[in-house]
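Chain by chain, the residues:
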Amino acid sequence: AQSVTQPDIHITVSEGASLELRCNYSYGATPYLFWYVQSPGQGLQLLLKYFSGDTLVQGIKGFEAEFKRSQSSFNLRKPSVHWSDAAEYFCAVGAAGGADGLTFGKGTHLIIQP
Amino acid sequence: DTGVSQDPRHKITKRGQNVTFRCDPISEHNRLYWYRQTLGQGPEFLTYFQNEAQLEKSRLLSDRFSAERPKGSFSTLEIQRTEQGDSAMYLCATGVSTEAFFGQGTRLTVV
Chain A
1 AQSVTQPDIH
11 ITVSEGASLE
21 LRCNYSYGAT
31 PYLFWYVQSP
41 GQGLQLLLKY
51 FSGDTLVQGI
61 KGFEAEFKRS
71 QSSFNLRKPS
81 VHWSDAAEYF
91 CAVGAAGGAD
101 GLTFGKGTHL
111 IIQP
Chain V
1 DTGVSQDPRH
11 KITKRGQNVT
21 FRCDPISEHN
31 RLYWYRQTLG
41 QGPEFLTYFQ
51 NEAQLEKSRL
61 LSDRFSAERP
71 KGSFSTLEIQ
81 RTEQGDSAMY
91 LCATGVSTEA
101 FFGQGTRLTV
111 V
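Protein chains in written order, with this note's numbering: chain A, 1 to 114; chain V, 1 to 111.
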C-alpha cells in the first residue's frame, strides 16, 4: 500500500531564512508526487508536481522540490520564506491514471517568525 | 471565478440528520474526487468519478455515504444518519489527469 510520511509536524523558520520540508513516500511503482499548501479554512493549492524527467521541479511562489528515487524522498525547499508562507503543507503521492486518488501525508505546519 | 466550487461552505447538523453537499467542477474536467479531511490530518480519498461513472470507492465510504455525478458535470455527496464522527472538511477535486485542483471544501459539524 502506498503511504506518505512527513516527519515534521511543526517547523518554525525566521522570515528570510531558507526552508526545507521533508517528505518520504512508499509506492510500488513510479510515483506521481505533489506538494500542496493549505491556508486556514481553505482548500488545497497545488505548489508543484513531479511526473517524470528532471528531478528538480520548480513550482509557484518560489518553491522547488527534488525527487530522489534512491531515498524515496520529495523534499520541498524555498531559499527565503515570507510571512505569507505560513500555512499547512501536504505532500502527496498518486498513480498514473489517478483512479485511486492521492495519498496524503499528515502535513507540516509552517510557522514564520518575524 | 472558474475554480472548483463547493456548496455550502459550512454545515451544522444534528446527529441523525441527512446532509448533502455539492461540487461544481472546473469546466471540461472529466475527473472528480471526493476527499475527507479531519483535524490535524491530510485529506483521505473517498471516491472517484470519471465523467458520470463512479469508478473507485474507498472503504472509508460506508453505506451511509453516497455520491453521484448524474450528467458528468456537478457532483453531490450525501451522508445519511449523520454521526459525530462524520464531522470533517469534505473536499472536492477535479482534473483531466492525475493532477487535481481542489475546491475550498465544506466543513461539516455534527452536534
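Hints were generated in silico from the structure; no laboratory data involved.
This one's a predicted model, so the numbers in the text were calculated from it and none came from an experiment.
Keep in mind that a hint or two might mislead.
[To be verified] Pairs of lysine to any residue, SDA-like flavour, derived with a Cα cap of 20 Å: (1) A:K49 with V:E68; (2) V:K11 with A:P40; (3) A:K61 with A:A99; (4) V:K71 with V:D7; (5) V:K57 with A:K61.
[Claimed, not checked] Computed, partial: chain A to chain V, Cβ under 7 Å: (6) P40; (7) G43; (8) G101.
Ideal Cβ positions, reconstructed from N, Cα and C, are used throughout, including at glycine.
Starting from the hint list further up, note which numbers the structure goes against and sort them upward. Of the numbered hints, 1, 3, 5 and 6 do not hold.
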